[in-house]
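Asker: Assemble the complex: chain A is given as a structure, and chain B must be docked to it using the hints.
Here are the chains, one letter per residue:
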Amino acid sequence: MNINLNGKTIESQSSTLKDLVRENGLNPRALVAEVNLEVIRQEDWETFQIKDGDSIELLNFVGGG
Amino acid sequence: MKETNALVLGDKTFESRLFTGTGKFASKSLIAPMLAASESEMITVALRRVDPDSRDENILDFIPDSVTLLPNTSGARTAEEAIRIARIAREAGCGNFIKIEVITDMQYLLPDNHETLKATRILAKEGFVVLPYYMPDITVTKQLHDAGAAAVMPLGSPIGSNRGLEMKPMIKIIIETSTLPVVVDAGIGRPSQAAEAMEMGADAVLVNTAIATSADPAMAGKAFAMAVKAGRMGYLAKMADESRFARASSPLTGFLRE
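These protein sequence lines map, in sequence, to chains A and B. Using our numbering, you'd call the opening residue of the first sequence number 2 and step up by one each time. Using our numbering, you'd call the opening residue of the second sequence number 521 and step up by one each time.
Looking at chain A on its own, in the form it has when it is part of the complex:
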């Protein structure tokens, strides 16, 4: 299916958020996930189903003033 991930349209084979993070080779520990403008807590990633057309942001905290 096609999803929008961090502003780019990509194809994904993942069915859950947890899979998506793994699919992209990311370390889940430091990540924050927002799906269709809603923050999804890490404990729910394993069960959260992503759908075709979802708009997903994978974010983390960085240095800033």
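Mixed in with the good hints, there may be bad ones.
Stated by the list, open to error - For the chain B half of the interface with chain A, some residues (derived, Cβ under 10 Å), not all of them:
| id | residue |
| --- | --- |
| 1 | F545 |
| 2 | I608 |
| 3 | E611 |
Please keep in mind that the hints were generated in silico from the structure rather than gathered at the bench. Just so it is clear, CB atoms sit at the ideal spot from N, CA and C, and this is done for glycine as well.
Answerer: Frame of chain A; chain B shown alone:
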């Protein structure tokens, strides 16, 4: 009178009136020693899309648990974007403090007061402890107070410029007329400038670039901490007025001469 009293913002009490930032450090490992040396109790962080190419470092790992996190809304160009970032930061477990930073001017990074005020209103209602970064303006200060801000954060000079209190006359007016604590944020480049802000009566200062980009951030952090304490004590000790003419230190009589 007590030497220096604590500053209360939201539900937190700060003994240190020096707030710091995590941006621009040559290495994240310099942050914890800087915090220890400066005794700063609140530090800013930013939120960004994950960069798969960058190393797996999470800035939060470099900040001791005892330090209050102050996520900023940097990147936001509108109130709506700032509100979204704030909600994400809180959901992510960053606490309920938020520094509102709404900027469309990419050259000088000067804030949009109008959008900042809009975001303040909404986030204050949602229970955030709102610290808005803004262009010193007496009317906007009152509006931010009415909107529920916990403090106001007027800029000293453009972010990262190290030019100090270019807005000094305006900041003085804000300090005089504001009913909220005033935190001078942005552009403070030297400890003496932080001391100057505190001597004027500012309640705190936020310093990021000057410390992070110095040759020795831990030492710089300590210097800024000392400057903030000195400035605050100088303010509380109330210096006498300035005078046009000299005022002799000893009587101008009884000289040993004919």
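Asker: Hints first: check each against the structure and report whether it holds.
Answerer: Going through the hints against the structure:
1. F545: Status holds, d = 6 Å.
2. I608: Cβ of B/I608 sits 6 Å from chain A, so the hint holds.
3. E611: 4 Å, holds
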